[in-house]
Amino acid sequence: GERIKFEDLGDQFRGFGPFNDMFNFGRRGGHASRVQAQRIEVQISLQEAYLGTTRMISVQGPEDCESCGGGGRRGSASCAVCRGSGTQVRNRRLEVKIPAGIDDSGRIKLRPTDNVDLFIKVRVCRNGIFQRTGSDLCMDVGVPYLTAILGGEVEIRTMTGNILLKIPAGTQNGTAIRIANKGMPRLGGGGYGALVSNVRVMLPESITQHEKEIFEQLRKLGTSAAGESVG
Numbered sequence: 262g263e264r265i266k267f268e269d270l271g272d273q274f275r276g277f278g279p280f281n282d283m284f285n286f287g288r289r290g291g292h293a294s295r296v297q298a299q300r301i302e303v304q305i306s307l308q309e310a311y312l313g314t315t316r317m318i319s320v321q322g323p324e325d326c327e328s329c330g331g332g333g334r335r336g337s338a339s340c341a342v343c344r345g346s347g348t349q350v351r352n353r354r355l356e357v358k359i360p361a362g363i364d365d366s367g368r369i370k371l372r373p374t375d376n377v378d379l380f381i382k383v384r385v386c387r388n389g390i391f392q393r394t395g396s397d398l399c400m401d402v403g404v405p406y407l408t409a410i411l412g413g414e415v416e417i418r419t420m421t422g423n424i425l426l427k428i429p430a431g432t433q434n435g436t437a438i439r440i441a442n443k444g445m446p447r448l449g450g451g452g453y454g455a456l457v458s459n460v461r462v463m464l465p466e467s468i469t470q471h472e473k474e475i476f477e478q479l480r481k482l483g484t485s486a487a488g489e490s491v492g
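Going by the numbering used here, the final residue of the sequence shown carries number 492, and the count climbs one at a time with no gaps.
Simulated from the structure, these hints should not be mistaken for laboratory data.
Think about it this way: if two alpha-carbon atoms lie no more than 16 Å apart in a straight line, the pair counts; the simulated EDC-like pairs of lysine to aspartate or glutamate are: (1) K370 to E356; (2) K382 to D364; (3) K370 to E302; (4) K382 to D365; (5) K443 to D401.
Please construct the entire structure, taking both the sequences and the accompanying hints into account.
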């Protein structure tokens with residue numbers, strides 16, 4: 262298919278009429294030319310938004326009649342192909358580049374032909390692991406309670422693969438640990454956002470009798486230490 266590049270990003274849908282709205286644009290080839298405004302919505306995954314991707318789309322729009330060159334006549338008679346209109350409706354398959362870092366509801370404006378303005382709304386599907394806030398990604402990380410108490414490492418996912426997240430000793434439930442440059446790319450360049458890991462301390466659903474005895478000893482030690490500090 263034909264490859265085209267995006268011209269502009271931003272809120273391009275405001276101020277335009279209904280889908281397939283037709284309006285005068287100027288003159289071309291000696292006859293009045295019209296521009297057809299078309300709007301399309303495409304869906305991509307968060308991974309595709311991270312890497313950038315492409316989509317093949319179909320565009321239908323008027324073009325100058327090849328038979329009469331857009332004049333509407335051949336000699337003294339009306340053109341039989343376009344019936345004197347000077348235009349023909351054609352379908353085109355276009356490969357649209359979607360840039361890395363585009364956010365949900367991001368817009369791309371294209372001019373694939375002189376007679377068509379194309380406005381593409383990009384919807385980024387929700388991800389079951391990451392929640393996006395601008396260029397940052399947030400996720401919940403389950404941390405075993407002993408790791409939260411004593412410190413250690415847990416394996417977490419990122420957009421580029423798994424890494425080990427360092428958990429400081431004494432980490433509290435709900436603590437947010439930021440990892441720079443592991444979020445989404447910033448649209449148009451400027452590096453990457455952060456990955457924010459929200460710690461969810463995991464308590465055991467059941468414990469053995471031996472573990473219960475150890476916890477009882479820890480509770481006694483804690484009570485004794487508290488009493489000594491008060492005295």
